[in-house]
Every structure is written in C-alpha cells, then in structure tokens.
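Chemist: Numbered according to UniProt numbering, the sequence shown spans residues 1 to 228.
Honestly, the hints are just simulated from the structure, not real lab data.
Every residue gets a Cβ at the ideal spot worked out from N, C-alpha and C, and that includes glycine.
Wrong hints could be hidden among the right ones.
To be verified - Beta-carbon label-pair distances, calculated as ranges:
(1) Glu14 <-> His122: 43 to 53 Å
(2) Arg219 <-> Leu168: 13 to 23 Å
(3) Gly214 <-> Ala188: 28 to 38 Å
(4) Arg149 <-> Asn50: 40 to 50 Å
(5) Leu183 <-> Val119: 15 to 25 Å
(6) Thr30 <-> Arg197: 15 to 25 Å
(7) His134 <-> Thr28: 26 to 36 Å
(8) Ser49 <-> Thr126: 20 to 30 Å
To be verified - Pairs of lysine-lysine residues, derived as BS3-like cross-links and limited to a Cα-Cα distance of at most 30 Å, are as follows:
(9) Lys34 <-> Lys48
(10) Lys133 <-> Lys48
(11) Lys133 <-> Lys34
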Amino acid sequence: MEFKRARNEEQRTERRRQILATAAAMLTETPVAKLSLNELSRRIGLAKSNVLRYFESREAVLLELLDSEFQEWTAELESTAPADDGTPRERGDRLAQLLAASMAGRPVLCDLLSAQAAVLEHNISTEVAIRHKHAARQNMRTLTGLVRRHLPELDAEGASALVETALLMAMAAWPCSRPAEALRAAYASDPALAAMRMDFTEVVRRTVEAAASGLLVRRGWDAAGHGL
Numbered sequence: 001m002e003f004k005r006a007r008n009e010e011q012r013t014e015r016r017r018q019i020l021a022t023a024a025a026m027l028t029e030t031p032v033a034k035l036s037l038n039e040l041s042r043r044i045g046l047a048k049s050n051v052l053r054y055f056e057s058r059e060a061v062l063l064e065l066l067d068s069e070f071q072e073w074t075a076e077l078e079s080t081a082p083a084d085d086g087t088p089r090e091r092g093d094r095l096a097q098l099l100a101a102s103m104a105g106r107p108v109l110c111d112l113l114s115a116q117a118a119v120l121e122h123n124i125s126t127e128v129a130i131r132h133k134h135a136a137r138q139n140m141r142t143l144t145g146l147v148r149r150h151l152p153e154l155d156a157e158g159a160s161a162l163v164e165t166a167l168l169m170a171m172a173a174w175p176c177s178r179p180a181e182a183l184r185a186a187y188a189s190d191p192a193l194a195a196m197r198m199d200f201t202e203v204v205r206r207t208v209e210a211a212a213s214g215l216l217v218r219r220g221w222d223a224a225g226h227g228l
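Generate coordinates for the entire structure from the input sequences, incorporating the hints supplied.
Modeler: Next comes the structure, spelled out in structure tokens:
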C-alpha cells in the first residue's frame, strides 16, 4: 500500500483510521504481545517514523483500538432487548450469559482488555492517558446503564460493581484460556490435566452470575424477587 503525505485534517483522520484498521486486522492473526510497530508499519506501507506522526507509540494505537472495540461491543449489547420476565436472579443469570458469550465472540477486545493495565497503559503520554480514560469512563457508563436495564433492581453503584466484576474476570480469564503450545500438549496427553484448562465463557458466566446474585441480596432482593 502506497501513501502520500496527509496534507489536511480529513486526510490525517483517514490515515489514522487506516492505521487502526490495519492493527485490528493484525490482531485477528497475532496476539497483542506479538504485534510490533515495525510490522504494523510494513503492513500499511509507511516508515515507522511516519506512523509515529499519527500515534505516539504502539501502545497509543492499541489503546485507541481498545476504545473503538469497546464501543462496538456496547452497541451490540444495546441492540439486545432486556427480558422483562423471570425473577431478578433469573434475569441476572441471562445477563451473565449474554456478557460472557458476547465477550467470547470478540477475541480482539478480550486480548486488548487483558493487556490494558500491564502493557497498553505504559509508554504513553499524559495526554493519551487522559483521552483514553475519558473514553473508558464513558464506555463504563454505557455498560452500567445497560446492566440497569436488564436488572433494574440494582442501583447505579450495584450495576457498576457488576460491570467491574465482569471486566476484571474477563481480563484474568482470557490469557488463562489461551494456553501456550506446551500446555495444550500437556492437557491433550492427560485427561486429569485437561480438566484444569479454563473455559473463558463458562468462568466469566459463573462469576457474573454469582456477583449478580450477591449484589441483589445485598440490596434486599431474594432469589424469588421478593424484598427482604
């Protein structure tokens, strides 16, 4: 791909979009840890120094991509109408399944989330950090609002706690559910060890179910939907 120098804001915006799209495509082939700025530059046909005209670092590229992936995920979730039948606990269980399955269907999002604190939020400027955290704050608000539509029995604090639980478990479970080749071979060779392999969707679903049930009880709702 050959690029000419971007000479106005529209062209610069398009160049940034192309860089992000290329990074997103690369992440369908390779994990975050192996995506290098050199390879990204080669894929888009730009010198590394020219990529750095648009993003200050590899991490800045990936943080913006994380924000975009998160927005697409919440938009997908918002298109799913919340069920109004069943007890609060039953609706909480359905919400847990929805969150777990939808995240499992977005491996790029999960990979970026799992690398966020330890990798992506390093090697960035304060300006990039502020922009990213404002976007993350808005994404969290959107997701908290969605949880409250599915579980109106939870107040804003409870819904926010459920969102935090789901995301933290996803961040921890994703890399554990993607074992290295040696571990995959070990699991395949011994049924007793195979039982230790983590199923991402299942562990996130169970954790969110338990958290939702606990939060409902702490806010005065029993399993049948009666106030305590």
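Chemist: Each hint should be assessed against the structure and marked as holding or not.
Modeler: Consistency of the hints with the structure:
no. : hint                          : verdict
1   : Glu14 <-> His122: 43 to 53 Å  : violated, 28 Å
2   : Arg219 <-> Leu168: 13 to 23 Å : holds, 20 Å
3   : Gly214 <-> Ala188: 28 to 38 Å : holds, 36 Å
4   : Arg149 <-> Asn50: 40 to 50 Å  : holds, 44 Å
5   : Leu183 <-> Val119: 15 to 25 Å : holds, 21 Å
6   : Thr30 <-> Arg197: 15 to 25 Å  : holds, 22 Å
7   : His134 <-> Thr28: 26 to 36 Å  : holds, 28 Å
8   : Ser49 <-> Thr126: 20 to 30 Å  : holds, 23 Å
9   : Lys34 <-> Lys48               : holds, 16 Å
10  : Lys133 <-> Lys48              : holds, 26 Å
11  : Lys133 <-> Lys34              : holds, 24 Å
Hint compliance for this structure: hint 1 is the single one not met.
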